[in-house]
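Engineer: In order, the protein sequence lines correspond to chains W and X.
When we follow my numbering, the leftmost residue of the first sequence carries the number 5, and every step to the right adds one.
When we follow my numbering, the leftmost residue of the second sequence carries the number 44, and every step to the right adds one.
Keep in mind the hints are simulated off the structure, nothing from the lab.
Errors might be hidden in some of the hints.
Chain W regions said to be covered by chain X (calculated; three or more residues, Cβ under 8 Å) [to be verified]:
1) 44 to 54
2) 60 to 72
3) 138 to 150
4) 274 to 282
5) 297 to 308
6) 328 to 334
7) 387 to 398
Here are a few chain X residues that sit away from chain W, every Cβ distance over 12 Å (derived from the structure) [to be verified]:
8) A211
9) E234
10) R325
11) H396
Even glycine gets a Cβ: it sits at the ideal position worked out from N, Cα and C.
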Amino acid sequence: MQAEIQEWKTDAGADVLFVERHELPIVDIRMTFDAGSARDGDQAGLARMTSNLLLEGTAERAAGEIARGFERYGARVGTGSGRDTAEVSVRALSEAERLDPVVERLAAAVADADFPADAVDRVRRQMTLGLQQAQSSASALAEKAFMRGIYGDHPYATPPGGTLESVEELSRAAVIDFHRRHYTATNATITIVGDLTSDRAEAIARSLSAALPAGEALSSLPEVTPPESARTIRVPLEAEQTHVIVGQPSVRKGSDAYYPLHLGNHILGGGGLTSILAERMREERGLSYSSSSQLTSGARRGRFQMSTQVRNDALGEALSVMRDSLDEMRNEGPSAQRLSDSKRNITGSFPLQLDSNRDLLGYIATIGFHDLSRDYLQQFVDRIDALESDDVQSAMQTGIDPARNITVLVGPEATINAVE
Amino acid sequence: MRNAIFALIPALMAAPAAAQSNTGITEFTLDNGMQILVREDHRAPVVVSQVWYRVGSSYETTGETGLSHLFEHMMFKGTERFEEGEFSEIISREGGRLNAFTGRDFSAYFEIMAADRLPIALELEADRMANLQINAEALSTERDVVLEERRLRTEDRPEGRFGERYSAIAHPGTGYAHPIIGWADDVAGFEVEDLRDWYQQWYTPTNATLVVAGDVQPDEVHSLAREYFGDIEAREVPAVHTPDNLQPPGERRLIHRDPQARVTQLRMGYEVPSFPTAESTRDPYALLMLATILDGGDGARLAEELVRGSGVAAAAGASYNPMVRLDAEFSLFGVPAEGDVDAVETALRDQIHRLQQEPVSAEEMERARSQMLADHLFEMDSVFYQAMQLGMLETTGSGWARLNSFEENVRDLTAEDIQSAAQRYLRPEMLAVGVMKPADQEDEG
Numbered sequence: 005m006q007a008e009i010q011e012w013k014t015d016a017g018a019d020v021l022f023v024e025r026h027e028l029p030i031v032d033i034r035m036t037f038d039a040g041s042a043r044d045g046d047q048a049g050l051a052r053m054t055s056n057l058l059l060e061g062t063a064e065r066a067a068g069e070i071a072r073g074f075e076r077y078g079a080r081v082g083t084g085s086g087r088d089t090a091e092v093s094v095r096a097l098s099e100a101e102r103l104d105p106v107v108e109r110l111a112a113a114v115a116d117a118d119f120p121a122d123a124v125d126r127v128r129r130q131m132t133l134g135l136q137q138a139q140s141s142a143s144a145l146a147e148k149a150f151m152r153g154i155y156g157d158h159p160y161a162t163p164p165g166g167t168l169e170s171v172e173e174l175s176r177a178a179v180i181d182f183h184r185r186h187y188t189a190t191n192a193t194i195t196i197v198g199d200l201t202s203d204r205a206e207a208i209a210r211s212l213s214a215a216l217p218a219g220e221a222l223s224s225l226p227e228v229t230p231p232e233s234a235r236t237i238r239v240p241l242e243a244e245q246t247h248v249i250v251g252q253p254s255v256r257k258g259s260d261a262y263y264p265l266h267l268g269n270h271i272l273g274g275g276g277l278t279s280i281l282a283e284r285m286r287e288e289r290g291l292s293y294s295s296s297s298q299l300t301s302g303a304r305r306g307r308f309q310m311s312t313q314v315r316n317d318a319l320g321e322a323l324s325v326m327r328d329s330l331d332e333m334r335n336e337g338p339s340a341q342r343l344s345d346s347k348r349n350i351t352g353s354f355p356l357q358l359d360s361n362r363d364l365l366g367y368i369a370t371i372g373f374h375d376l377s378r379d380y381l382q383q384f385v386d387r388i389d390a391l392e393s394d395d396v397q398s399a400m401q402t403g404i405d406p407a408r409n410i411t412v413l414v415g416p417e418a419t420i421n422a423v424e
Numbered sequence: 044m045r046n047a048i049f050a051l052i053p054a055l056m057a058a059p060a061a062a063q064s065n066t067g068i069t070e071f072t073l074d075n076g077m078q079i080l081v082r083e084d085h086r087a088p089v090v091v092s093q094v095w096y097r098v099g100s101s102y103e104t105t106g107e108t109g110l111s112h113l114f115e116h117m118m119f120k121g122t123e124r125f126e127e128g129e130f131s132e133i134i135s136r137e138g139g140r141l142n143a144f145t146g147r148d149f150s151a152y153f154e155i156m157a158a159d160r161l162p163i164a165l166e167l168e169a170d171r172m173a174n175l176q177i178n179a180e181a182l183s184t185e186r187d188v189v190l191e192e193r194r195l196r197t198e199d200r201p202e203g204r205f206g207e208r209y210s211a212i213a214h215p216g217t218g219y220a221h222p223i224i225g226w227a228d229d230v231a232g233f234e235v236e237d238l239r240d241w242y243q244q245w246y247t248p249t250n251a252t253l254v255v256a257g258d259v260q261p262d263e264v265h266s267l268a269r270e271y272f273g274d275i276e277a278r279e280v281p282a283v284h285t286p287d288n289l290q291p292p293g294e295r296r297l298i299h300r301d302p303q304a305r306v307t308q309l310r311m312g313y314e315v316p317s318f319p320t321a322e323s324t325r326d327p328y329a330l331l332m333l334a335t336i337l338d339g340g341d342g343a344r345l346a347e348e349l350v351r352g353s354g355v356a357a358a359a360g361a362s363y364n365p366m367v368r369l370d371a372e373f374s375l376f377g378v379p380a381e382g383d384v385d386a387v388e389t390a391l392r393d394q395i396h397r398l399q400q401e402p403v404s405a406e407e408m409e410r411a412r413s414q415m416l417a418d419h420l421f422e423m424d425s426v427f428y429q430a431m432q433l434g435m436l437e438t439t440g441s442g443w444a445r446l447n448s449f450e451e452n453v454r455d456l457t458a459e460d461i462q463s464a465a466q467r468y469l470r471p472e473m474l475a476v477g478v479m480k481p482a483d484q485e486d487e488g
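Please take these sequences and the hints and turn them into a complete structure.
Structural biologist: Shown next as structure tokens:
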């Protein structure tokens, strides 16, 4: 399936990608900024706090007034942030009388955000409560320890939500400065999907980007250095299950090595109920409800990880099954049957992920921000289709080195100390 | 379908004209009683197929909790024709995705595929509706899997432990009081016979609704359904016991002190009518609008007054889902900003009191109306969710036709309807209050 992407740059310097879709009278708009936690520097949580505060007030309008300005037109507005990016998204009705005021208000709210002091205190408190709550979540603890373990000193190791100590220290001045440097036209990718002509899309992108300061290009993030040796990180938590993550940094977005690794990961644990890990851990042994592997790619490097949760007395067995399954993929490659079934699944299911405007918006935004080939969607299918078992095996051998795997165990002390 | 969409536009501008929309849904019934709903959406060459059975955790009695959910897992264990795992493999190989879910009122199975592969999904679903094999070995493995699922979702999470206890006091005397996944002892005790009986009792075309949404023609779906499901023999399903509705149980309170909880949380729930239990058609819509006025977004009352204004809550919300078989819950929740949970409870009660005492302003009514109608339209973006809605409306006894009258009902609501619903339903004797506190917190209150 091919989505026809129109693209241009606004006079203010923002990249725009637009897909026309007229079946529903709705429009989705997303502004993506290079303003994720990788830009936090030594102030963990700064990017997230800026994003959380973005719609909390301007000199002209208070937070409630801004929100009601969208709500009266039925529009839904939200902000979000991760490691690479921060986003502002709006879903609105396409009729000009309803869309134009929403766009106008959005442009003003994002560009003129002035981060009132009471809102800064309130959001800091909310973030602190969230961090406190995460201390009792085994999966949150595991994820945090894993990222720290695989990324070491790299900015990707910074937890996007910050830490209890770092969030206390974040100041209003730091937020204002972060906003001024990162929420700029040069640094923005605007993605639009929906019921518009390109003239109207152009006008929308123009008014969104013209409100922003021009800004300067940001320095590139440093390269990721993979861990030098395998290591096990143990995080004690009283519970009936132990949460396990095993993995390491992987490839960057747009890398050629991504495709065979994607297929290998799909066969190993990314393909749902039919993948090797699900079969061996769940179906054959009843060890866990969920056992899977994920391959993500980032602007610098993404990560490969196998994850599961098992009852404490089965931890040793689960670790062996996971590690052996990975070794088997590296040493023997996938069987012909698994290879062809997985290829058919990946290529055949591709249109399924693009059936809604919202999903399409996500894809187009990724293509735009990471500057992937514009026929990425079609190319993806073709490249997966062309892979052989040897390609997958050698990618798994080159791309995933068990001697560099970081293993994270979150569970009762006696359990996690009893295994390698 | 385009008509449905444009009918919304005048509604959003609060034009008085009533327009009955046609949501593009076609309904058939096979001779064996199986119901088929087709929702056309031709945006992408994709089809969502869902088989819904009218059985879920609220159909279980003491000692058999979690049976519907465990049974859902067993539906992947094979038939005479297709052995264990083969169902998933075939769908996966064909480029599809599949899974299943169990709710309080339903058990549902779905496939998402390229539109031309619909026959494959239907053939496999029909096969396991009629020919499922249940053996002791598979059951024993799957019981272990479900117990792990239970540990993951409930037993090892403070919020899970709290939620389970809260439901037990919030819905006394109904099947909504026990967890969907069941109590661990019940799950551990199930035998092959229990599952075979469950299958025999509920998994029959008479008790099922097939929902197909996406790039399909209704006639073709109808004939495919007849081809694959038409020969399955109809069986009567047992009469379902439905407890008396809306008998005031009195105000209830749970204090859960959890050794691992780090943040105090508050839940409040009023037992209120659902689509099927409401005496007046208007009431569920009035309750939906009440929830929107409180929590329709960051500009709504709870965010404006509790989170930003007094700052008593770090987070607060309200919700109401009328798509349930028994009475529904009008829910409020709050997280105290500085640990003072009593202050949050008082503030939420004040909000309810105000809705009972003062009519909602015209500006707020219009904003809430605009949001509800726009959200209703936005939901059409997801083909999967469209099918979900139809299945949920049917299995709860609400009826899918409610989709057609949603706009009209929302448009007709007045401030008097809202105030009257708040007065009639949000009463203390219908209220359950649950508080979770870190275990080391002091004991007063």
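Engineer: Each hint should be assessed against the structure and marked as holding or not.
Structural biologist: Hints and how they fare:
As drawn, the region 44 to 54 of chain W meets chain X at 0 residues by the rule of a beta-carbon pair under 8 Å; below three, the given contact is violated. Restraint check on the region 60 to 72 of chain W versus chain X: 6 residues with Cβ-Cβ distances below 8 Å, three needed, restraint holds. Under the rule that three or more residues need a Cβ within less than 8 Å of chain X, the assignment of the region 138 to 150 of chain W holds, with 4 such residues. Figure legend: the region 274 to 282 of chain W, annotated as covered by chain X; annotation consistent (4 residues with Cβ-Cβ distances under 8 Å, at least 3 required).
Against chain X, the region 297 to 308 of chain W contributes 0 residues with a C-beta closer than 8 Å to a partner C-beta. That does not satisfy the three-residue criterion, and the hint is violated. Residues of the region 328 to 334 of chain W with a Cβ under 8 Å from some Cβ of chain X number 0, which does not satisfy the need for three, so the listed coverage is violated. With 0 residues carrying a beta carbon less than 8 Å from a beta carbon of chain X, the region 387 to 398 of chain W misses the three-residue requirement, and the given coverage is violated. The beta carbon of A211 (chain X) sits about 20 Å from the closest Cβ of chain W, which is more than 12 Å, so the claim that it is off the interface holds.
Taking the minimum C-beta to C-beta distance to chain W, about 17 Å, the non-interface status of E234 (chain X) holds against the 12 Å cut. Even its closest Cβ contact with chain W, about 22 Å, leaves R325 (chain X) beyond 12 Å, as expected for a residue assigned away from the interface. Its beta-carbon lying about 21 Å from the closest one in chain W, H396 (chain X) satisfies the requirement of being farther than 12 Å from that chain.
Hints 1, 5, 6 and 7 from the earlier list are contradicted by this structure; the remaining hints agree with it.
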